[in-house]
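Take the sequence shown: its letters are residues 1 to 295, numbered as in UniProt numbering.
Simulated from the structure, these hints should not be mistaken for lab results.
There could be a bad hint or two in this list.
What the hints assert, rightly or not - What follows is a list of derived Cβ distance ranges for each label pair: (1) Glu213 - Pro80: 18 to 28 angstroms; (2) Arg150 - Arg230: 14 to 24 angstroms; (3) Arg188 - Asp81: 22 to 32 angstroms; (4) Gly32 - Ala237: 38 to 48 angstroms; (5) Leu217 - Asp9: 44 to 54 angstroms; (6) Phe235 - Gln162: 17 to 27 angstroms; (7) Thr113 - Ser266: 15 to 25 angstroms.
In this text, all values refer to a predicted model and were calculated from it rather than measured experimentally.
Even for Gly, the Cβ is constructed at its ideal location relative to N, Cα and C.
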Amino acid sequence: MTSHSRTLDPIVVTGATGSVGRAVVAGLIQAGRPVRAVSRRPDRADLPPEAQVVAGDLAEPATLEPALAGAAQLVLIALPDTVTEVVEQARGAGVEHIVVVSSGAVTAGFDTTYNLLVEQVVTASGLDWTIVRPGEFATNALLMWGPSIRSHRRVVEPFPDQPGSPIHEADIADVILADLLHPQRRGRIDTIVGPDRLTKREQVAAIEAAIGEDIELAEVTAEEARTFYRAQGGFAAYNADFLFGFESYDGVAGAIDEPRDDLTDSYLTLAEVTGSPARSFAQWAIDHASDFSTR
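Please put together the full structure from these sequences, using the hints given.
Given below as structure tokens:
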């Protein structure tokens, strides 16, 4: 294991313009830590002036050299195609600790070809590491339902009574921050979820309460939902086959990921990981009310 003495060297955050990355950058600034935020388009990053925004792309590891130079720690989002080169670059630049933002699908056994591969490269690197495996992001509700709520106050859903524990992006960021700022947390793997077990129907009700308007919940078949969300485009189109049961998480057509019953104790809330109160889905809906309300 490596030395932890370089406490004020920069921390590099990849995925810095995403919902979790922005919260990590803000938290590091609040903690008085120097931050390098990696963005493919620094001119559009819109990050706090205290952050040093550096051009870079995980898909092109050579572009990360300026960001990694002299850095002590790296927050790494998953990109298996280039992770070996990125980790080698980080090691060569003197990075001593990598926090991997992975997926709860690894814990569940669904993800064997994407986030798991990134974890394996990092844990075998000889560098210090910590792994954060978030479950379902609450922001998925915005990416899936946001367009139709904004335009028609409507949600299309084939499985309205399917339960989940969506997690606020700020809870994910708080775990990452704890891993960065407290060396004793190195070597941990935490699978984190939100504090509420809610059906899709209950999640829609929470959004209704947050925006103060009724939302129609249109119950449709899985095939109809797939067609609808493919036409919507973006995140919804990319994930429709998996979310509605037409392929496995790893992209195997016709395969269905069966949930395991022996993992209850593996899923932790922010309170269980750090001692800080976890944010409810209702709070998340309030925080994002304007994102759903704008027509």
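Results for each hint:
1. Between Glu213 and Pro80, the C-beta spacing of about 42 angstroms breaks the proposed range 18 to 28 angstroms.
2. At about 19 angstroms, the CB distance of Arg150 to Arg230 agrees with the hint of 14 to 24 angstroms.
3. At roughly 26 angstroms, the beta-carbon separation of Arg188 and Asp81 lies within the given 22 to 32 angstroms, and the hint holds.
4. For the pair Gly32 and Ala237, the beta carbons lie near 42 angstroms from each other, so the given range of 38 to 48 angstroms is met.
5. For Leu217 and Asp9, the Cβ-Cβ distance of about 50 angstroms falls inside the hinted range of 44 to 54 angstroms, so the restraint holds.
6. A C-beta distance of roughly 18 angstroms is found between Phe235 and Gln162, which places it inside the suggested range of 17 to 27 angstroms.
7. Judged by the Cβ atoms, the range 15 to 25 angstroms given for Thr113 and Ser266 holds: they are separated by roughly 21 angstroms.
Violated hint: 1 only; the structure is consistent with all others.
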